[in-house]
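Protein chains: 2
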Amino acid sequence: MSGARYIEELTPVSIALEELKGRVRPVGEWFEVPVWDAVGLVVARDVRAPVDWPPYARSAYDGYAVRSEDTPGRLRVVGEELIGGAPRLRIGPGEAAYVTTGSYIPEGADTVVPEEKVKRLDDNHILVEEHYPPGSYLDSAGSIVRKGMTLLKSGTVLTWEDVAGLLEVAVTEVPVYRSVRVAIVSTGNELIYPSMPALTAKEILEGKVVATTGDVIEGFMRRYTPWVEVIGQTLLPDDREAVAWHIERVLPLVDVVLVTGGTGPSRIDLFYQLQDRLGGELVFRGLYVIGGKPTSAYVVEGKPVVGLSGYPISALHAMIRLVYPLLQYMGNVRRPSPPLPLVEAELEGEITPKRPRPIKVRLEYRNDKIIAIPLDKRYQKSSANVGFLMADGLALTGDRPLKKGDKVTVFLLRQPRGYKLPWLTP
Amino acid sequence: MSGARYIEELTPVSIALEELKGRVRPVGEWFEVPVWDAVGLVVARDVRAPVDWPPYARSAYDGYAVRSEDTPGRLRVVGEELIGGAPRLRIGPGEAAYVTTGSYIPEGADTVVPEEKVKRLDDNHILVEEHYPPGSYLDSAGSIVRKGMTLLKSGTVLTWEDVAGLLEVAVTEVPVYRSVRVAIVSTGNELIYPSMPALTAKEILEGKVVATTGDVIEGFMRRYTPWVEVIGQTLLPDDREAVAWHIERVLPLVDVVLVTGGTGPSRIDLFYQLQDRLGGELVFRGLYVIGGKPTSAYVVEGKPVVGLSGYPISALHAMIRLVYPLLQYMGNVRRPSPPLPLVEAELEGEITPKRPRPIKVRLEYRNDKIIAIPLDKRYQKSSANVGFLMADGLALTGDRPLKKGDKVTVFLLRQPRGYKLPWLTP
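So the sequence lines, in the order shown, correspond to chains A and B. So for the first sequence, my numbering puts the first residue at 1; every next one is plus one. So for the second sequence, my numbering puts the first residue at 1001; every next one is plus one.
FYI, nobody ran anything at the bench for these hints, they're computed from the structure. From a predicted model like this one, the values you see are computed outputs, not experimental measurements. Quick reminder that beta carbons are idealized off the backbone N, C-alpha and C, glycines included. Mixed in with the good hints there might be a few duds.
Once the Cα atoms are required to be at most 20 Å apart in a straight line, the calculated EDC-like pairs of lysine to aspartate or glutamate come out as [what the hints assert, rightly or not]: (1) B:K1354 / B:E1281; (2) A:K354 / A:D368; (3) A:K303 / A:E218; (4) B:K1381 / A:E364; (5) B:K1420 / B:E1346; (6) B:K1021 / B:E1281; (7) A:K381 / A:E350; (8) A:K202 / B:D1037; (9) A:K369 / B:E1346; (10) B:K1369 / A:E346; (11) B:K1202 / A:D52; (12) A:K407 / B:D1368; (13) B:K1369 / A:E350; (14) B:K1147 / B:E1218; (15) A:K407 / B:E1346; (16) B:K1420 / B:E1344; (17) A:K407 / A:E346; (18) B:K1153 / B:E1032; (19) B:K1369 / B:D1399; (20) B:K1202 / A:D37; (21) A:K377 / B:D1052; (22) B:K1407 / A:E344; (23) B:K1202 / A:E173; (24) B:K1407 / B:E1350; (25) A:K153 / B:E1364; (26) B:K1147 / A:E346; (27) A:K420 / B:E1018; (28) B:K1147 / A:D376; (29) B:K1153 / A:D376; (30) B:K1377 / A:D52.
Derived, one-sided and incomplete: chain B residues facing chain A with beta-carbon distance under 7 Å [said to hold, decoys possible]: (31) G1084; (32) H1125; (33) G1155; (34) D1162; (35) E1173; (36) I1204; (37) G1219; (38) I1231; (39) Q1233; (40) A1384.
Build out the structure end to end from the sequences listed, making use of the hints.
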């Protein structure tokens, strides 16, 4: 056992990230796809409006399209324009047409009178009692969007709301980058897949550990990095050959490999032994954090192979701090959605983290502030997953002591306790 | 057309919610399911620890398990305990056993010496140079959890992190409520499903509207209410018989029906005509908001049938303010996850909303504050979905004027611009 096998110099997250970014390339391939298939993907080229919008003047209300100069007055209803078709009618002096919100205005009309402001005289006639200037209650042609206007910048992660926006103005295809592909490899002789609950409980009591770290980091990516496609999770024993063999085979299919477990400094840990087999360049070994300290990375054939702790909390910590911004970079993301659930909270109690660290906290909402109360020490251990059950979030500290009242950034696992939706609070 | 067909009295959201809650029952059925299948579901009965944890003293480090009284001293290594099994060894005076983080301590040992603090003398002997008091670098039996301790309260929405916590302490089954089942019915003669992009673009320019409101509200539920199962979306014309027929058939299968479109006060809107066919009780008609004002609800056979606006922004607004807390209530949720992405922002500019309203805002991060800048008026219209493309969030106002510098609650659609992950900012 040589001393070189221990972690000797820890790399700060910001430097580790820069070192990685300098050695890997963001995804370059992009395709035109139907916008309704593009939610969660990243816009690859600026999207411009293909037409003026609306293409014709459009009613903003249910009511009657009329000529402004005929108001006030008694008008004859000559028909109706329903939403869903180009304008069909043409109205002349003294005429009106029924329109609904969103339907185009008949030729000849220049204003809309809302239905409830109109007196219906008989089946064919209405009385408008006031004057309506031209352009009332309607959107004129081109008033919302001009042809050629930039609608979405490249780097935007598309949302369902964006799809509604694009389809409104007849943008039906959008250039998007292909997903960033990630493989997860969980290693550990002690790890098992769950089977029957009773049998699994027995195995746990005998010292086996159910593999959950891969699910925690996959859950993180599914929720917060929709531009990432998790190709799969593989569970392997602490066997250098098996792990190297697997990574070699999966590497051509993916952009990033995340390995959990086997990153510690101990005799049996294998992440560092992989280089003989995989080649590539060791970028850093050991992160300047507590909870994820053994995090390390190679770059093999331009692709990051990141070794994460086998503990869920420590792997999640490295995901939030390091892998998340790396996945943004690799995915060309400049306008991410959904946002990470980070909030500023006020610390209750003191913490003296020696390095950046995730502190499991209970979160209480008091006087419009979120108060972060660190859980008891025994639940702060990386090995105490049970602390997740009591925690509402992870306070992400720096390396300086924090005292009561200090601000701290918290990654929310749930809604803070006592939070009332403000519009329901009388 | 009688006056009663128009909305005459608008109901504030908090009252509409209370009226609904008074007439519907939360889901009652619950089941024991494997915890790994329960993510997103709601814990139905408090979960207690089945055993002390850890069941035996467990190493918190890679190193050597020894007898405290033998330190400092020269020790003989008699074997190793690997993680993944019950303790197998027993050590006597002058003996040590190799242990890894998480492995149980051999009988006889009462402390752990970290690997890097030990001098390896030869294959079978180590030198410990300092004294290690009993209990160093280990978690003693029962030190993390005591049998019978409450681990999770009913009403908690289970996360992947919770699964890791439960499986750690051999909880492999968990009582959860069945999902709240929701059907979405989108109505509108103008609505089309998308087909080929070029054909769909042509149809849009001719006045057709691609049905996106259902996707926006389904997307909202998939992201923020994982305890809800969206049974399906159905697109129907503005045909009272068709819609009533469909709701009658789907009602026995679901807990909530969300109808989009057909809720306006106009001649062709049909939501109000449904009662003749469906029976039930009209709970409220018209919400005291702008953007979702026509929102209305029946209760039919104890199940809410909520009519939402056909506009994505207005339907989403009613989802956030009204349907989200209703779905929490129906799902027995008291500790929701994920949290709604609500933040406090500082308003730039003025708004004079007459009723609670969603204002599409650009969000900029400046000096540790989120600044909310309302988009131009033309993008605020309910009909201007294109405003979603420029917006980063929806400011959820009350009914009073807001001026520059006022605080406003914002529902985030994306990360505010200029936000830097704080640990990457030097």
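The hints, checked one at a time:
1. B:K1354 / B:E1281: Not satisfied, since the Cα-Cα distance of roughly 29 Å exceeds 20 Å.
2. A:K354 / A:D368: With a Cα-Cα distance of about 30 Å, the restraint between K354 (chain A) and D368 (chain A) is violated, given a limit of 20 Å.
3. A:K303 / A:E218: holds, 19 Å
4. B:K1381 / A:E364: violated, 37 Å
5. B:K1420 / B:E1346: Distance ~18 Å between K1420 (chain B) and E1346 (chain B) Cα, so the pair holds.
6. B:K1021 / B:E1281: The given pair, whose Cα atoms are some 13 Å apart, holds under the 20 Å limit.
7. A:K381 / A:E350: With Cα atoms ~17 Å apart, K381 (chain A) and E350 (chain A) stay inside 20 Å; holds.
8. A:K202 / B:D1037: Cα-Cα ~19 Å, so holds.
9. A:K369 / B:E1346: Cα-Cα ~15 Å, so holds.
10. B:K1369 / A:E346: holds, 15 Å
11. B:K1202 / A:D52: Holds, at roughly 14 Å.
12. A:K407 / B:D1368: holds, 11 Å
13. B:K1369 / A:E350: Status violated; Cα separation ~25 Å.
14. B:K1147 / B:E1218: Answer violated: K1147 (chain B) to E1218 (chain B) is near 41 Å, above 20 Å.
15. A:K407 / B:E1346: Holds. K407 (chain A) to E1346 (chain B) sits at ~18 Å (cutoff 20 Å).
16. B:K1420 / B:E1344: holds, 17 Å
17. A:K407 / A:E346: holds, 5 Å
18. B:K1153 / B:E1032: holds, 15 Å
19. B:K1369 / B:D1399: This hinted pair is violated, its Cα atoms lying about 24 Å apart.
20. B:K1202 / A:D37: Between K1202 (chain B) and D37 (chain A) the Cα gap is close to 19 Å, so the pair holds against 20 Å.
21. A:K377 / B:D1052: With Cα atoms ~18 Å apart, K377 (chain A) and D1052 (chain B) stay inside 20 Å; holds.
22. B:K1407 / A:E344: The given pair, whose Cα atoms are some 16 Å apart, holds under the 20 Å limit.
23. B:K1202 / A:E173: Holds, at roughly 13 Å.
24. B:K1407 / B:E1350: It holds: about 12 Å lies between the C-alpha atoms, which stays within 20 Å.
25. A:K153 / B:E1364: holds, 16 Å
26. B:K1147 / A:E346: violated, 33 Å
27. A:K420 / B:E1018: holds, 15 Å
28. B:K1147 / A:D376: Measuring from Cα to Cα gives roughly 18 Å; hence the hint holds.
29. B:K1153 / A:D376: Since the Cα atoms of K1153 (chain B) and D376 (chain A) sit roughly 18 Å apart, the hinted pair holds (cutoff 20 Å).
30. B:K1377 / A:D52: Holds. K1377 (chain B) to D52 (chain A) sits at ~18 Å (cutoff 20 Å).
31. G1084: holds, 3 Å
32. H1125: Nearest chain A Cβ about 14 Å off; hint violated.
33. G1155: violated, 11 Å
34. D1162: Status holds, d = 6 Å.
35. E1173: holds, 5 Å
36. I1204: holds, 4 Å
37. G1219: holds, 4 Å
38. I1231: violated, 18 Å
39. Q1233: violated, 12 Å
40. A1384: holds, 6 Å
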